[in-house]
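Novice: Residues per chain, in single letters:
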Amino acid sequence: DAGVIQSPRHEVTEMGQEVTLRCKPISGHNSLFWYRQTMMRGLELLIYFNNNVPIDDSGMPEDRFSAKMPNASFSTLKIQPSEPRDSAVYFCASTKSSGQNNEQFFGPGTRLTVL
Amino acid sequence: KNQVEQSPQSLIILEGKNCTLQCNYTVSPFSNLRWYKQDTGRGPVSLTIMTFSENTKSNGRYTATLDADTKQSSLHITASQLSDSASYICVVSHHYNTDKLIFGTGTRLQVFP
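Chains A and B supply the protein sequences, listed in that same order.
Each residue of the first sequence is one higher than the last, beginning at 914 in our numbering.
Each residue of the second sequence is one higher than the last, beginning at 9 in our numbering.
What the hints contain is simulated information worked out from the structure, not anything from laboratory work.
Honestly, I wouldn't trust all of these hints.
[As the list claims (entries may be wrong)] Partner residues aside, some chain A positions facing chain B, computed with beta carbon under 10 Å:
#1 G955
#2 E957
#3 L958
#4 Y961
#5 N965
#6 I968
#7 E996
#8 R998
#9 C1005
#10 A1006
#11 Q1017
#12 F1018
#13 F1019
#14 G1022
#15 R1024
In this text, a Cβ means the ideal position worked out from N, Cα and C, and glycines have one as well.
Looking at chain B on its own, in the form it has when it is part of the complex (with noise of 0.2 Å):
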């Protein structure tokens, strides 16, 4: 079982719209979690890195959110732009091998003007 799980895999929005992704993980006892943004036919690009004593992140329109509790993370998009379509990966990191990071599958998301 992956112990990264993103939902959902794939997602269509108009332009200007909200949209909310989320990420459910398994690793444990965990450093960080991070979300990445990968634009098609490029490598993958850091939008936020929350530690487990985080709840929130911001850049810009993206928001990430951290319950270490539940193990659910989630990145927010606000007001999306058409070049907002791409992959989000979701990306959690053991506590003791923190240069080990262990992937989600992402969720494409596609917005449309």
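Bound conformation, chain A alone (with noise of 0.2 Å):
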């Protein structure tokens, strides 16, 4: 099982720019999670789904967010226009099914810059 696939690992971008992060769940999980990890606040959840749909988008910042699931196998998180202060690890994990217990697991994580 290669785990949760993200792309890109790594991104720099200029303030003002689309940034567009992929992710690609362990197969057979229906539960996808997106997250945001800083030195400041740590890890905080953005938004999630079950089954393609999305449950909670709470944590989402701002307008400037949107996710999408097409797909069980594919999600992607957008920003449009980036600041600076969108600056942090994205990370994206998956889950069998929701509930007690189940156990997230994370992908790598997608490093983004905004100058």
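Make the complex out of the two chains shown on their own, each in a separate frame, by following the hints.
Specialist: This is the structure we're talking about:
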């Protein structure tokens, strides 16, 4: 099993540009989570999906952020336009089914730097 | 105020020594508590998951304890190795939404030879 796959691993962009982060969950997992990690705030949940349907997007910071999951094997997190304060590591995680004690498996993350 | 507080923020120990990391939480009612290990440049990896009815759980040299009455947990690392150098994150899920994990800010452990 390849685990959760994220791309790109590193992204450097200029303020105002559109950024798209990609995630492929573990095959057979039906819940997918997007997190952001910064030194100041640690790991924060942005949005999560069950069976490709967004369940809770209350962590999405503002309208510049959007996420989609068109099918069970692919999700994107888009930032448009990007700002320097969006610089962080973005993680995608997946789990077999929502509920108690289900372990979330994290991808390697995408380190985003917005200049 | 963060609902999951960890201490210390950072810790340096010598290889072979034991150490204990602390986690206090205010999430209530809570469903389960997890400890994750995060190596530099990688995603977090689960070490233990405990429900409110469990007091202790081990994973090799890692032993987690939970006191649901005082809302405290600890992670004990025995006979530390250089590969234990990482951040250790305490994570709690709420009883009514077990998918929404609440993360502590972590303890950064460095093990020196």
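Novice: Now, for every hint given, state plainly whether the structure supports it.
Specialist: Tested hints:
no. : hint  : in the structure
1   : G955  : holds, 4 Å
2   : E957  : holds, 7 Å
3   : L958  : holds, 6 Å
4   : Y961  : holds, 6 Å
5   : N965  : violated, 15 Å
6   : I968  : holds, 7 Å
7   : E996  : violated, 23 Å
8   : R998  : violated, 18 Å
9   : C1005 : holds, 9 Å
10  : A1006 : holds, 7 Å
11  : Q1017 : holds, 7 Å
12  : F1018 : holds, 8 Å
13  : F1019 : holds, 3 Å
14  : G1022 : holds, 6 Å
15  : R1024 : holds, 8 Å
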